[in-house]
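Student: In this text, residue positions in the sequence shown follow the UniProt record's numbering: the first is 1, and each later residue adds one.
Possibly wrong hints are sitting among the right ones.
Said to hold, decoys possible - Restricting the straight-line Cα-Cα distance to at most 20 Å, the calculated cross-link-like pairs of lysine to aspartate or glutamate (EDC-like) are:
id, residue 1, residue 2
1, Lys101, Asp200
2, Lys81, Glu70
3, Lys175, Asp219
4, Lys162, Asp215
5, Lys81, Asp219
6, Lys92, Glu204
7, Lys162, Glu187
8, Lys92, Glu187
9, Lys213, Glu230
10, Lys198, Glu211
11, Lys146, Asp200
12, Lys168, Glu187
13, Lys168, Asp124
14, Lys92, Asp165
15, Lys92, Asp219
16, Lys81, Asp201
17, Lys198, Glu187
18, Lys168, Glu157
19, Lys92, Asp215
20, Lys162, Asp200
21, Lys175, Glu157
22, Lys146, Asp201
23, Lys146, Asp219
24, Lys146, Glu204
25, Lys162, Glu177
26, Lys146, Glu157
27, Lys162, Glu211
28, Lys168, Glu70
29, Lys101, Glu230
30, Lys92, Glu182
FYI, nobody ran anything at the bench for these hints, they're computed from the structure.
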Amino acid sequence: MEKASSARTWASIAGKSASSVQKHHHTTYSNLPQRPPHLTSVENHHHRQDHEQKHVHAPQHQPRSSTPNEAIYVLTLLTDKPHHSRLTSLRKRYFPPHLNKLSAHLTLFHALPGSRLQSTVIPDLQRLAQCTAPFQIRATGPFRMKRGVGIGLARNEAGYDKARDVHKVLQTGWKGERWLSEQDAQEGWRGHYTIMNKVDDEHEVARAFNEVKQDWQDDLGVVEGLGLVEVGEEV
């Protein structure tokens with residue numbers, strides 16, 4: 001990936017006031033300064049759950065190197081707070097409350113094994129943050145999913161290409177180590193927000209889609225970093 005020409009990178013944003021790698025409980029993997037969560041260049045949120053509540057991944061969604069009960073992480077793009085808040089409000093409105101454990105997010109990788117976090121994943125993300133400048137994305141409107149509603153991103157803009165580059169750089173390195181899940185090893189990235197999912201009532205899905213479509217206006221956001229989320233819930 002081409003090095004950022006500007007001195008303002010994801011890492012420099014993080015360096016203003018918080019750790020570029022941060023746990024949910026405010027301990028850190030690094031000695032970088034603290035900063036507000038929504039601007040962290042690489043965040044690591046731990047969503048603790050009892051063992052029996054852990055989400056069981058399908059085989060194609062399981063990292064090849066994972067062991068039973070190993071923590072699994074989702075890697076997301078972090079955007080500026082106003083954009084994130086607007087998309088999160090839509091998700092809160094339509095996502096089934098008993099399943100909605102997360103705010104709105106753009107997933108890069110669905111299942112990274114916890115055993116690779118310290119040795120590979122976090123160092124790679126920190127290096128990427130050092131050479132990646134913030135870039136703009138545009139949420140362009142709703143589309144129907146099988147059991148829900150998604151919000152797509154404009155694919156004909158430079159920001160989408162940059163997001164794909166971020167994904168490609170990480171995927172290329174990690175595929176060589178042969179531990180990515182079958183899902184995460186697939187070529188190409190198609191970023192989107194999920195604002196409704198796991199809804200079996202077809203009429204409810206259609207109603208939500210029509211409501212969002214009727215009121216939708218394109219929403220610009222700025223990607224400012226990466227987030228790691230330990231998953232035990234639907235994302």
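Student: With the threshold set at 20 Å, check whether the alpha-carbon distance from Lys92 to Asp219 stays at or below it.
Tutor: holds, 17 Å
Student: Check whether the Cα positions of Lys92 and Glu204 lie no farther apart than 20 Å.
Tutor: holds, 15 Å
Student: Is the hinted pair Lys101 and Glu230 satisfied, with a Cα-Cα distance of at most 20 Å?
Tutor: Within the cut-off at roughly 11 Å; holds.
Student: Is the hinted pair Lys168 and Glu157 satisfied, with a Cα-Cα distance of at most 20 Å?
Tutor: Roughly 17 Å between the alpha carbons, so the hint for Lys168 and Glu157 holds.
Student: Measure nothing beyond the straight line between the CA atoms of Lys168 and Glu187; if it is 20 Å or shorter, mark the hint as holding.
Tutor: holds, 8 Å
Student: For the pair supplied as a hint, Lys81 and Glu70, confirm whether the alpha-carbon distance does not exceed 20 Å.
Tutor: violated, 31 Å
Student: Does Glu211 sit within 20 Å of Lys198, going by the straight-line distance between their CA atoms?
Tutor: holds, 18 Å
Student: Would you mind confirming whether the straight-line C-alpha gap from Lys162 to Glu211 stays at or under 20 Å?
Tutor: The hint is violated at about 31 Å.
Student: Just to be careful, I want the Cα atoms of Lys198 and Glu187 compared with a cutoff of 20 Å; is the pair within it?
Tutor: Violated. Lys198 to Glu187 sits at ~25 Å, over the 20 Å cutoff.
Student: Does Glu204 lie within 20 Å of Lys146 when you go C-alpha to C-alpha?
Tutor: Distance ~12 Å between Lys146 and Glu204 Cα, so the pair holds.
Student: Assess, step by step, whether the Cα of Lys213 is no farther than 20 Å from the Cα of Glu230, and give holds or violated.
Tutor: Roughly 32 Å between the alpha carbons, so the hint for Lys213 and Glu230 is violated.
Student: Given the hinted pair Lys175 and Glu157, is their alpha-carbon gap at most 20 Å?
Tutor: violated, 27 Å
Of the numbered hints listed earlier, those contradicted by the structure are 2, 3, 4, 8, 9, 14, 16, 17, 20, 21, 23, 25, 26, 27, 28 and 30.
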